[in-house]
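Per the numbering used here, numbering of the sequence shown is gapless, rising by one per residue and ending at 286.
Among the hints, a few may not be true.
[Unchecked claim] With a straight-line cut-off of 16 Å between C-alpha atoms, the simulated EDC-like cross-links for lysine to aspartate or glutamate are:
1. K109 to D191
2. K198 to D161
3. K213 to D187
4. K109 to D167
5. K213 to D240
6. K198 to D187
To be clear, the hints were calculated from the coordinates, so they are not data collected in a lab.
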Amino acid sequence: MPSTGTPPDWAGVDIAVPRRSARLPGISMAGFRQRVPGAADIAMVAHPSVSLLVDLTEGAGLVYDTYGRRERGTVVIGLLPGELRTGGSGPAIECLQIRLSPPVAAKVLGASTEFSGTVVSLEDVWGRDAGRVEDRLRAAATWDERFTIAVRILSRRLDSHPPVDPEVAYAWRRMRTSRGRIRVDGLADEVGWSRKRLWSRFGAQLGTTPKRAARLVRFDHAAHLLAAGHAPAGVAADSGYVDQSHLHREVKAITGAPPAAVAAAPWLAIDDVAWPAPPRGSSR
3 MPSTGTPPDW
13 AGVDIAVPRR
23 SARLPGISMA
33 GFRQRVPGAA
43 DIAMVAHPSV
53 SLLVDLTEGA
63 GLVYDTYGRR
73 ERGTVVIGLL
83 PGELRTGGSG
93 PAIECLQIRL
103 SPPVAAKVLG
113 ASTEFSGTVV
123 SLEDVWGRDA
133 GRVEDRLRAA
143 ATWDERFTIA
153 VRILSRRLDS
163 HPPVDPEVAY
173 AWRRMRTSRG
183 RIRVDGLADE
193 VGWSRKRLWS
203 RFGAQLGTTP
213 KRAARLVRFD
223 HAAHLLAAGH
233 APAGVAADSG
243 YVDQSHLHRE
253 VKAITGAPPA
263 AVAAAPWLAI
273 DDVAWPAPPR
283 GSSR
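Could you build all of it, start to finish, from the sequences and the hints given here?
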């Protein structure tokens, strides 16, 4: 899949990603720093992950708007089925984005059912630990140090909470590998559960239904193809939509924007499509 490079809207933003040795399975991270003083206004595209946005901005900090609700500072963003806008102002807007696969999020956050389609303060989830984490990350001198601190914190939390059911974890992996093109009934047969049990356990542990999860995974695949410059008609066929009109309706329903706008969204994902990987041994 060809890379489009860093989108033009991000010309004034430094982006850092961790070295491969500083990565954990099911977790991706990136650091953002706006070089040019002033306000930022970013539309974030729905993604099949639970995200932590750690606000490292000095001053007023970041503000998030979704579903008519506003949050500030460091937040947990659930499996987002719609548009989220984030903005802020100050001499240097900085944040660390940590994306967690839903099975990993259930361990790191200790719960998941309250996070589907929501934006909540990390303090509401981690209590006073949230402030201590934020202070440690803000005090670090480099992004490499911040990534190292984040990996240590996340590793400890992964070790201290039980995993989701193996059947639920398997169902999620199958959704990802099939790019969302899998029948839930067939998935239930694969794990040896009834459809009702799969929906119940999946929802209780990952905070959404299998059908909605598969829908978001399929959309994510289509969004990446669009971002890579593929024509909508081909994207629709490759992603399992009936036709281009079906793709348009689905993208509009999930994001509130047409496919062309989603293709150009700067905060699409932390991967080689949204921005090229840094040279080996560099955190950019």
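Going down the list of hints, with the structure as the test:
no., hint, verdict
1, K109 to D191, "violated (26 Å)"
2, K198 to D161, "violated (30 Å)"
3, K213 to D187, "holds (10 Å)"
4, K109 to D167, "holds (11 Å)"
5, K213 to D240, "violated (19 Å)"
6, K198 to D187, "holds (9 Å)"
When the structure is compared with the earlier hints, violations turn up for hints 1, 2, 5 and for no others.
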